[in-house]
Amino acid sequence: DVKVTQSSRYLVKRTGEKVFLECVQDMDHENMFWYRQDPGLGLRLIYFSYDVKMKEKGDIPEGYSVSREKKERFSLILESASTNQTSMYLCASSLRQLASPYEQYFGPGTRLTVT
Amino acid sequence: DQQVKQNSPSLSVQEGRISILNCDYTNSMFDYFLWYKKYPAEGPTFLISISSIKDKNEDGRFTVFLNKSAKHLSLHIVPSQPGDSAVYFCAASALGGSGDKLTFGTGTRLAVRP
Chain L
45 DVKVTQSSRY LVKRTGEKVF LECVQDMDHE NMFWYRQDPG LGLRLIYFSY DVKMKEKGDI
105 PEGYSVSREK KERFSLILES ASTNQTSMYL CASSLRQLAS PYEQYFGPGT RLTVT
Chain Y
8 DQQVKQNSPS LSVQEGRISI LNCDYTNSMF DYFLWYKKYP AEGPTFLISI SSIKDKNEDG
68 RFTVFLNKSA KHLSLHIVPS QPGDSAVYFC AASALGGSGD KLTFGTGTRL AVRP
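Just so you know, the protein sequences line up as chains L and Y, in that order. Per the numbering used here, numbering of the first sequence is gapless, rising by one per residue and ending at 159. Per the numbering used here, numbering of the second sequence is gapless, rising by one per residue and ending at 121.
What the hints contain is simulated information worked out from the structure, not anything from laboratory work. Fair warning: this is a prediction, and the values are worked out from it, not measured in the lab. Among these hints, one or two may not hold up.
Straight-line distance between alpha carbons at most 30 Å, and here's what the computed BS3-like set of lysine-lysine pairs gives [unchecked claim]:
#1 K61(Y) <-> K115(L)
#2 K63(Y) <-> K101(L)
#3 K61(Y) <-> K78(Y)
#4 K99(L) <-> K44(Y)
Derived Cβ-Cβ restraints for the label pairs, each shown as a range [said to hold, decoys possible]:
#5 P16(Y) <-> Y54(L): 40 to 46 Å
#6 E113(L) <-> A118(Y): 41 to 47 Å
#7 R140(L) <-> K61(Y): 20 to 26 Å
#8 V85(Y) <-> F64(L): 40 to 46 Å
#9 T127(L) <-> V85(Y): 40 to 46 Å
#10 R140(L) <-> Q10(Y): 43 to 49 Å
#11 R68(Y) <-> D82(L): 26 to 32 Å
#12 F64(L) <-> I25(Y): 42 to 48 Å
#13 K57(L) <-> E65(Y): 28 to 34 Å
For every residue, glycine included, the Cβ atom is placed at its ideal position computed from N, Cα and C.
Taking the hints into account, I'd like the entire structure generated from these sequences.
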C-alpha cells in the first residue's frame, strides 16, 4: 500500500521562527510536491522536485525553500514564518511519466498555525 | 490567474440522486484531467481521470465528461451516497510539461443528505 507521511499533523510556531516540514514517501517516486490549501483558493503548488537535488518553483514559492537530499524525502522550509503562512500544507508524490501524468499520492497534511 | 475554476463552492444533493460537479479551464495546453476527493483531516485521494482524446470515462458510480471545445469537464456521481460527502477538486495537466505538475481548482464541497 502506497504511503506518504508528513512529520506533524499540527504545528504552532511563532512569527520569525524557522520551520521545517518533512515528507517521506515509500513508493520510489521520482516526483515530489508541496502544496498549501486555503479556503476558497484550493491547492496551490509551492515547490516540486523531479529528482534528488532538483527543484523547481511552483506558483507561490515566495517565503519558502525546499530540500531533497534523498529520493524518498522532501522538506519544506519556512525561513522566517509569518502569519500569512498559516495554512494546511500537503505533500504529494508521483511517478515520473513523460507520456502520461500519473496521479499524485498525498500525505495527510500538516496544519500550521503561525502566531 | 486561475487556470482551473470550480465556480460552485458547495453542492447539496439527496441520497440516491445524481451529483454533478463542474470544472472549467482556460489553458488550451491542458490535455489530461483528474478528479480528487478530500475528507477533512486527510490528504486528497485520486478518484478518476480522463485524457483529452476521450470525452467520457466511467468507473463504477463515477463518470467524468470532457467537452474540449467548451473547456469544461464534469463529474457525475450516480447514485450519490452519504459517504461521498467531501470536497472535490478537479486538476489538469499539460503532457510533456515540467515535472508532471497538476493545476488544481478551488474545490466544491459536496454534501449528500440521507
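Each hint, compared with the structure:
{"no.": "1", "hint": "K61(Y) <-> K115(L)", "verdict": "34 Å, violated"}
{"no.": "2", "hint": "K63(Y) <-> K101(L)", "verdict": "33 Å, violated"}
{"no.": "3", "hint": "K61(Y) <-> K78(Y)", "verdict": "13 Å, holds"}
{"no.": "4", "hint": "K99(L) <-> K44(Y)", "verdict": "27 Å, holds"}
{"no.": "5", "hint": "P16(Y) <-> Y54(L): 40 to 46 Å", "verdict": "25 Å, violated"}
{"no.": "6", "hint": "E113(L) <-> A118(Y): 41 to 47 Å", "verdict": "43 Å, holds"}
{"no.": "7", "hint": "R140(L) <-> K61(Y): 20 to 26 Å", "verdict": "23 Å, holds"}
{"no.": "8", "hint": "V85(Y) <-> F64(L): 40 to 46 Å", "verdict": "45 Å, holds"}
{"no.": "9", "hint": "T127(L) <-> V85(Y): 40 to 46 Å", "verdict": "44 Å, holds"}
{"no.": "10", "hint": "R140(L) <-> Q10(Y): 43 to 49 Å", "verdict": "22 Å, violated"}
{"no.": "11", "hint": "R68(Y) <-> D82(L): 26 to 32 Å", "verdict": "30 Å, holds"}
{"no.": "12", "hint": "F64(L) <-> I25(Y): 42 to 48 Å", "verdict": "45 Å, holds"}
{"no.": "13", "hint": "K57(L) <-> E65(Y): 28 to 34 Å", "verdict": "45 Å, violated"}
Hint check: violations occur at hints 1, 2, 5, 10, 13; the rest are consistent with the structure.
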